[in-house]
Amino acid sequence: MVVFTDEAFGAKLLEAITAGLYDGNLNCLREYVQNSIDSKADRVNIRFENNQTVLVIEDNGCGMDRQELEEALHLGKSGKPDTSIGWRGIGIWSGIPACRRIVIVTKKKSHPKLRVEIDADGLRQQYVLSIPATEVLTEVTGDIEELEMGSGESIQDLNFTMIRLEELLPNQRTIFIEEEIRNYLSGNLPVPFDTSKFTMGKEIDKRLRQHGVETNEVDIFFESKRVFRPPDTDDIFFRIIIEKEFIVEDEPVAYGWLLTSKDNRKLRAPNRGICFKKKGITIGDETLVAKQHGGVYNQWQYGEIHITTDALKENAPRNNFEANNDIIDPFYKQVGDFVAQLQQMNRYQSNRVVRRQIEEIRKHIDNDEMRPARDKVTRMEKRLQRSRSYPKESALQEMKKTIDKESRGNKISLKALKRKIEEKPQDRISIRKDRFNEFAGTSHPLLKKHLGKTTKKGRMELDIDAMDPVKTLLKQKTGLKLDAHELSKRAYDWKEIVKGDNGPMLCLPDECPQNIYRGRLFGVMIQALRELFLNPSKHEKGRSSFSYYESMTEEERIDTLMEFHMAQNLMLRLIEKSKRMRNP
Amino acid sequence: MKVLLVEPAYYTRFPPLGLLKLASYHRSRGNDVRLVRGIKEDLEFKPDRIEITSLFTYAWKPVHEAIKYYHDRFRSSRIRLGGIYASMMPDRLRSFFPFIDIHLGLFKEADYYLPSYDLLDDIEKWRGWDSTILFTSRGCIRNCSYCIVPTMEGRIRSVVDDVERHVYPGHKRIILWDNNLLASPNWRRILEGLRDIGLPVDFNQGIDARLVNEEKAQMIADLRIRHVRTAFDTLGQGRAISKAVELLSGSGIRRRRIFIYTLYNFYDGESPSDTPSTFLKRIQEIAQLGCVSYPMRYEPLTSIVKNRFVSPSWTTDQLEMVAKARRVLGYGGAFPPYKGLVKKFEEAQDFDDAFSVYPLNRDKATQPKPRRFTLMQTPEVTPGTAR
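Those protein sequence lines, which keep their order, are chains A and B.
Positions 1 to 584 (our numbering) are the ones given, in order, by the first sequence.
Positions 585 to 971 (our numbering) are the ones given, in order, by the second sequence.
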């Protein structure tokens with residue numbers, strides 16, 4: 001028989017159950033708050049001290065006497081019943097990786113105020129040594145000392161426990177920051193909803209009670225501000241609570257509630273998706289629920305799945321459940337199936353409900369943007385006609401009715417909007433825009449392609465690469481890779497524009513040279529059009545030579561733009577017809 | 585329990601480090617702590633305990649005032665005194681205030697706590713304080729009779745070796761209060777740590793010139809350090825000083841950045857080693873080295889009035905001459921190696937010659953007085969203003 005003595009448990013074991021288990025992160029906060037809840041505290045204050053070098057967790061729980069404090073320091077020997085939240089008896093050591101000292105100050109009614117100090121620094125240094133764990137623990141744990149009471153403190157009535165993580169290590173200061181801690185507390189601990197921001201919280205609380213869910217709610221204050229659990233928003237798409245009971249072998253194991261958010265993007269912390277909760281404490285995070293479904297799940301739902309059975313036990317780091325039981329596999333399968341159906345419901349909803357798009361169409365109409373409005377209406381009508389199957393899950397059936405009802409309403413709204421668009425007299429701008437688009441549709445293929453790109457979003461502006469189609473065509477015809485200016489010169493053989501005899505009698509809005517020969521003239525014309533409208537080096541807003549264009553009204557501008565593109569179109573057709581004279 | 589920490593309103597350039605550590609010590613016991621400086625009448629806090637610190641013995645008056653005030657105000661609170669004055673003259677304190685507790689020497693239980701610098705924000709004088717004060721060692725290897733450290737702290741020992749972890753978040757400077765850092769067993773680690781942190785460093789208590797070697801000089805030069813302080817207390821240290829200065833300046837520290845404290849008016853009951861002429865000798869040597877000398881007047885450890893003690897080797901007039909020279913010839917109480925000043929000290933025949941300020945003044949007196957106003961500027965004379 002192998003006999004285990006103290007010597008058999010080396011100090012390296014301590015690393016595994018402190019740093020290893022709790023990962024040196026904020027999880028120690030959960031451990032301490034759990035202890036507070038187990039000691040019947042209804043209020044926990046968490047605060048920083050001395051410029052965030054000390055973190056203090058103080059509760060109004062029953063506190064400990066000397067014997068209980070000694071027992072609390074024992075490892076893996078929790079005196080608590082299994083029904084408590086903390087039952088492994090290692091929580092007190094979870095702050096070891098974060099600080100230089102853990103100090104516990106506690107007082108039980110009618111007992112003296114006690115204090116004990118754990119030298120976290122010393123413990124961490126001894127991880128590496130192969131000395132017995134018991135020896136190390138004895139060495140780093142100070143004596144329990146009795147503290148003097150103040151005149152305002154009553155030995156009979158005062159009870160509390162204060163955990164102090166003193167001198168947080170510099171490398172932990174990026175983790176132990178206010179925002180992170182607040183998010184952690186609200187996401188993981190059994191705090192109530194903020195019903196002023198999330199009005200459905202009351203109803204959810206009621207249903208949780210009806211289903212016998214133990215939420216162990218406790219008031220947690222961090223830096224004197226109360227902590228609430230998510231969601232802290234009322235942006236709910238349908239104010240209908242989806243309820244789902246998970247039953248394994250005829251025994252209820254969990255109860256979940258869900259709400260679909262308005263924001264049809266993946267939900268992010270702190271208002272994140274669906275989490276498992278046990279006794280009010282979050283197990284894992286939202287991904288633990290989502291990943292039970294192998295496929296895609298767009299996280300559109302807020303929700304909690306509360307474990308109601310004792311048979312499902314969380315593991316020590318509380319990032320999953322223990323696998324050593326018969327319930328977990330069927331339960332996870334049910335969760336996975338449910339998530340899959342949720343995803344199906346989300347897709348059904350996104351097909352059937354176009355609430356947001358209707359708003360957008362309304363906006364377009366208000367802004368006299370008839371074309372995009374009309375396009376959208378057509379698109380949405382098509383979308384609403386498509387059929388899609390709905391999940392069979394009974395918990396989701398009520399939702400189907402709501403979605404279908406909304407869908408019907410959407411259809412009616414769309415019809416009304418369509419009528420409104422048709423009734424509205426077309427204004428001059430949209431007439432012009434339509435004309436422009438008509439022209440664009442029949443233009444030279446290169447120009448058509450170009451306009452398809454640049455005016456895609458209804459933007460009617462002279463673009464910096466407006467002459468690109470000409471350039472592209474010239475490139476194709478000549479086989480040269482030059483800039484537009486050089487191309488027109490080489491293609492139509494012109495060299496420079498010579499000064500006349502007496503100076504000009506007329507002047508264009510922008511300076512424009514003139515010349516003679518017919519073939520060359522065309523080349524020069526290409527250059528002239530380019531120079532006039534968009535010499536890239538001069539094409540800047542606010543430049544005087546373009547002021548004639550920029551000072552136009554929108555109607556005139558669309559006209560000019562169309563005329564420019566028409567001229568370009570003519571050129572394109574002429575270039576197309578040009579004969580090849582020689583090779584470069 | 586509620587604890588009031590009191591820093592009496594004496595003159596000091598540094599916040600009460602001991603009280604700040606004591607504050608952390610009390611907080612670690614769940615106590616509610618408040619820090620005040622001097623008499624604070626609008627204090628809304630009923631302490632169970634009052635802890636008052638003290639500094640130099642001659643700054644006893646503000647300490648007594650604080651005890652009196654807070655005792656009268658909080659009759660039932662226990663008062664405990666600590667600090668240098670309390671440790672040096674407990675009997676004197678007790679004769680005035682028989683009801684107080686007195687803590688002698690260091691309070692070891694609180695020494696390792698990170699000071700609660702956040703409490704300084706409550707005190708006008710210390711608001712915005714941004715320097716970490718640190719003892720990496722306590723005690724000293726020397727036993728100088730004019731120094732309180734051997735009595736208060738004893739033999740040298742290291743108390744901190746990982747400086748980087750003791751820098752308070754947000755602080756921009758490190759001030760070391762080590763009595764003799766270079767004699768500390770882990771000076772190397774400390775200097776390396778300070779270099780790696782990269783914050784400006786000040787060795788407030790100076791370094792022991794006798795212990796400077798090439799490696800240490802180089803490591804000191806690697807720090808962001810503004811002044812290197814050391815001391816030249818007896819003539820016998822002359823060779824050590826010049827060697828230290830050579831090493832430091834060889835490592836790249838400008839000589840003008842080396843401050844050398846020179847003790848004067850010192851007398852310890854034995855044969856006098858410090859006289860006006862040996863003092864001048866030391867000042868001359870420092871001037872020759874091109875460093876700054878900073879005269880320090882000796883004060884007995886239990887002096888009740890500052891600047892009253894006169895060594896048998898000195899006269900009151902001579903002491904007054906040094907004081908005046910520091911004001912008139914020097915800069916900020918020190919004698920920097922200004923060309924004229926170095927020349928004056930070098931050419932001085934004796935003490936009187938070196939420290940008399942009149943010749944310089946007489947030179948000035950012979951020069952024509954600068955005219956106050958040019959013709960273009962009419963002085964604006966407002967009635968009642970003396971010109």
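Calculated directly from the structure, the hints in this document are not laboratory data.
Warning: the hint list may mix true and false statements.
What the hints assert, rightly or not - In silico DSSO-like pairs for lysine-lysine, Cα to Cα no more than 30 Å straight-line: (1) A:225 - B:605; (2) B:890 - A:225; (3) A:109 - B:630; (4) B:586 - A:109; (5) B:927 - B:709; (6) B:605 - B:624; (7) A:262 - A:400; (8) B:927 - B:908.
Computed from a predicted structure; not experimentally measured.
Hint-by-hint comparison with the structure:
{"no.": "1", "hint": "A:225 - B:605", "result": "holds, 28 Å"}
{"no.": "2", "hint": "B:890 - A:225", "result": "violated, 52 Å"}
{"no.": "3", "hint": "A:109 - B:630", "result": "holds, 24 Å"}
{"no.": "4", "hint": "B:586 - A:109", "result": "holds, 20 Å"}
{"no.": "5", "hint": "B:927 - B:709", "result": "violated, 41 Å"}
{"no.": "6", "hint": "B:605 - B:624", "result": "holds, 21 Å"}
{"no.": "7", "hint": "A:262 - A:400", "result": "holds, 17 Å"}
{"no.": "8", "hint": "B:927 - B:908", "result": "holds, 18 Å"}
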